[in-house]
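The lines below spell out each chain.
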Amino acid sequence: MKRYYLIFFLLTLLLTACTPADLNAPIPSFETGVDPDAWAQIPAGKFYYGQHDDIQTTDAYEIMVTDVTTAQYASFLNEALADGSIKAKGDQMVGYYPGDEFHGVKHEEPIEAGDWIFIPLNDPSQRIQFDGTAFTVQQGYENQPMTMVSWFGAWGYCDYNGWRLPTEMEWEKAARGTDTRPFPWGDEIKRENANFYASRDPFEDMRSFGSRTTPVGFYNGKTYDGYSTIDSASPFGLHDMAGNVWQWTGNVYEGMHYRFMRGGSKDTYDMDLRVWVRNNATPTYFSPGVGFRCARDQN
Amino acid sequence: MFTHATHNDTIMAQLGRSLASLKLPLFFCKETGMQFIKDRFNYLFKSTKGLITVAIAMIAVVTGVWGMLSGPMAEMGVRDFVIRTLKMDLVQAEREGRVIVLYHSIAMAVMAIETYMITGLLKMKVFYKTAVQVLITVGYLLTMIFGMAFAYWGHNWAFHGLFITGLSLVFFAGVLLVIALWPRNRDYHQLDKTYARTKQGVDVERVAFFATALATVISALFGAVPGSFFGNGFEVFLAENIIRYPEKTTLQYSVIGHLHIMLALIAIMLTLIIGRWLNFKGILHKIAMPLMTLGVIVLNLGVWGVTTPLEPIAHMIIYVGATPSMLAALLLLIWSWGKLIRDGTAHLQKPKFFQKVGALVRDPLKFGPTWQMLFMNFTTSGIGIFMAIKLDEIFRVWPAREERIELTGHWHALSAIIATIILFYYGDMIGLKGRFRQLYGWGIILFSDIALAGVTVFEMKRLFITEAEQQPLVNGLMYAIDFGLGMLLVLLASVMVWRLSDLFKKKGRWTKEIGQELSQEVVQ
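Protein chains in written order, with my numbering: chain A, 1 to 299; chain B, 300 to 823.
Hint data in this document are derived by calculation from the structure and do not stem from the laboratory.
Given the structure is predicted, the values throughout are model-derived calculations rather than measurements.
Treat the hints with care, since some could be wrong.
Once the Cα atoms are required to be at most 25 Å apart in a straight line, the calculated PhoX-like pairs of lysine-lysine come out as [as the list claims (entries may be wrong)]:
| hint | chain 1 | residue 1 | chain 2 | residue 2 |
| --- | --- | --- | --- | --- |
| 1 | B | K422 | B | K811 |
| 2 | B | K585 | B | K492 |
| 3 | B | K806 | B | K337 |
| 4 | B | K547 | A | K106 |
| 5 | B | K804 | B | K689 |
| 6 | B | K651 | B | K638 |
| 7 | B | K689 | A | K106 |
| 8 | A | K190 | B | K386 |
| 9 | B | K422 | B | K498 |
Chain A regions said to be covered by chain B (calculated; three or more residues, Cβ under 8 Å) [unchecked claim]:
| hint | stretch |
| --- | --- |
| 10 | 20-31 |
| 11 | 106-113 |
| 12 | 175-188 |
| 13 | 196-207 |
| 14 | 256-263 |
| 15 | 276-289 |
Glycine residues also receive a C-beta, built at the ideal position from the N, C-alpha and C atoms.
Using the sequences plus the hints, can you model the full thing?
So this is what it looks like as structure tokens:
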């Protein structure tokens, strides 16, 4: 009989691990004090690019200090819906994208001009609700980064406002500054630096729903309900350039339809938070771990 | 060789005097320090079983320690503890380089184990056997010890040089092994017609060993050349991170081809070794050995082809080559299961189904290797083929990081299966019997298969669960994977501790093993 105890114990352990995740579990509400409407100035000049420190140059540009928040994106959706820039199509909000040149390279998929998905509606992970006439943000998620947004949706937001998505080089320079650091704040990473997998932040419960996003600018040195963060802004003052959400970038590369993301996310280990790490997906992909921020040319 | 022996004796004498002066415990000194060390050294480094034991122990230590640096161990904070305790020096930008050194270190030890098995099983001149064993032993130990020291404890460039020296010695051991295995030598002709042979008597199984060894040596160059190029500027990269780039350089293709083919060749060579140990013969052997040889040649041509203008059709050539190799492994499985059933039911006139099944699974160490080969189809081959068929439709819609999980998952699974098959053979060669044999054998099968099944579901989880809802499933899978791998390592550690304690006995098991050779223990 004793031999069955172990099997019974293990089965119980496995079954208790399989309770469904509550996607609407209460979320802590913290005000970070970081302004999501702020922009950082990035000067023209050389910087170290990539893991092997290649020297590259950019012009001067500006980039958002934080990721675009859910509230900012809902506001855009309401405006764009009102002027007819976007429309509902089934379970999606779609908008026009002018298409890419197709080269017929192996694995390349054509991206033609037309309406493409911006965000999915009615997805359990979507924090923006649409009642048929207006968009509202689920309570508690206003200052969280906008997620569940496709590359087209990110491109559409920036384009609507007269901005653009940062190129990979612009993104990396903004994250790294002009030295060879692997993380926006320096050489080493601690759990209080960023939101990554099992980083034990107040928004995470690895026994049920796992890792969740933190409000934009959360890791700014403040203490929230006894949880102390380390100020982890980049040399140019950008927040969340490592962890929280992957960020779409704007490059469209010849011969491939994939779009690249940077920064790692709440769902990745610390190695993916290094500034040079690249990820990519089809431009229609959306996820609770993918967001974006915009860039613009300097006036 | 005499010079070496004299030099070794001098070292042994010095070591013995030093140890004797340390006033070691009585059981240790009773034999006198020098003789104690010399006898154990002779067993561990001059006998096939001793050499295999050392290599398995080295891999066990590396796996045990470095396994704590990633995954759930990192989440639980064990990683930080290990790094602090062992005073490791880990620079973020150098992670990829460290990983490359780590798996080359383990791979060289695995290559060494397979080489010891080949030199112990197949006929060859004593000179070649000794030279191959010495070169590969010094080679993998240099690679492992100095490679890991270089990668994880700062950058002593002398250590890096010794790491490269080690890799080079393993390569030269491979070249010598190819020469030693030359199948047309009349001394190695197969006289028994129940085995695969040509009309002239050439042993076709030896041809398969020769072809695999030769392909391995050539394929090593496909790693060495780009390794020198990228390593020169330390512009290391992991192949799984460049999978979706439409434009790759020839040397990048070479790296991708190298890592795939080396693992495949290690698996193929192990299949041949297991076949020899189990004494694979008869009509299925006569079909399987030419198929294996053909498969190895075509498979390698396909993989080498990725660096040539043949690249667009290279995958097709690879599929064509993989098919006969896998078919040959299937024939081994059919033959060995048939033999296990026949041998186990020989005393029965009309054995019933369950009696046959009972006979099949009676000895887990002989059933295990081919069972794991079958299981591999679910964890590695099946996943690989499914991914290839549905690549653009499913897998390339997901982010590259998801695809990376599938890729790294399925070759970790294949590596783990290779390791378990080695452990089955090892369990038999160290003479495990009765209850211990059953516990050891079934432990390996159950623990590894639980872990590998968990890994397979983890890789494929996006097919049936969303990112937002996955955490409870991931937790359950992690329990299963960690339980399986953890128990497997505990099992291995127990055997290693037993082997270590045996070395302290004057007439321990090692004294018998020192004179035994694998070829004498082939299953009859």
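Hints, one by one, checked against the model:
1. B:K422 <-> B:K811: 22 Å, holds
2. B:K585 <-> B:K492: 10 Å, holds
3. B:K806 <-> B:K337: OK: K806 of chain B and K337 of chain B at ~14 Å, within 25 Å.
4. B:K547 <-> A:K106: 12 Å, holds
5. B:K804 <-> B:K689: 57 Å, violated
6. B:K651 <-> B:K638: Status holds; Cα separation ~16 Å.
7. B:K689 <-> A:K106: 14 Å, holds
8. A:K190 <-> B:K386: 18 Å, holds
9. B:K422 <-> B:K498: Judged against 25 Å, a Cα distance of about 20 Å means the pair holds.
10. 20-31: Coverage by chain B holds here, the residue count being 3 at a Cβ distance below 8 Å.
11. 106-113: holds (count 4)
12. 175-188: Contact hint for the stretch 175-188 of chain A vs chain B: holds, 5 residues under 8 Å.
13. 196-207: Coverage by chain B holds here, the residue count being 4 at a Cβ distance below 8 Å.
14. 256-263: holds (count 3)
15. 276-289: holds (count 10)
In this structure, only the earlier hint numbered 5 is contradicted, and the remaining ones agree with it.
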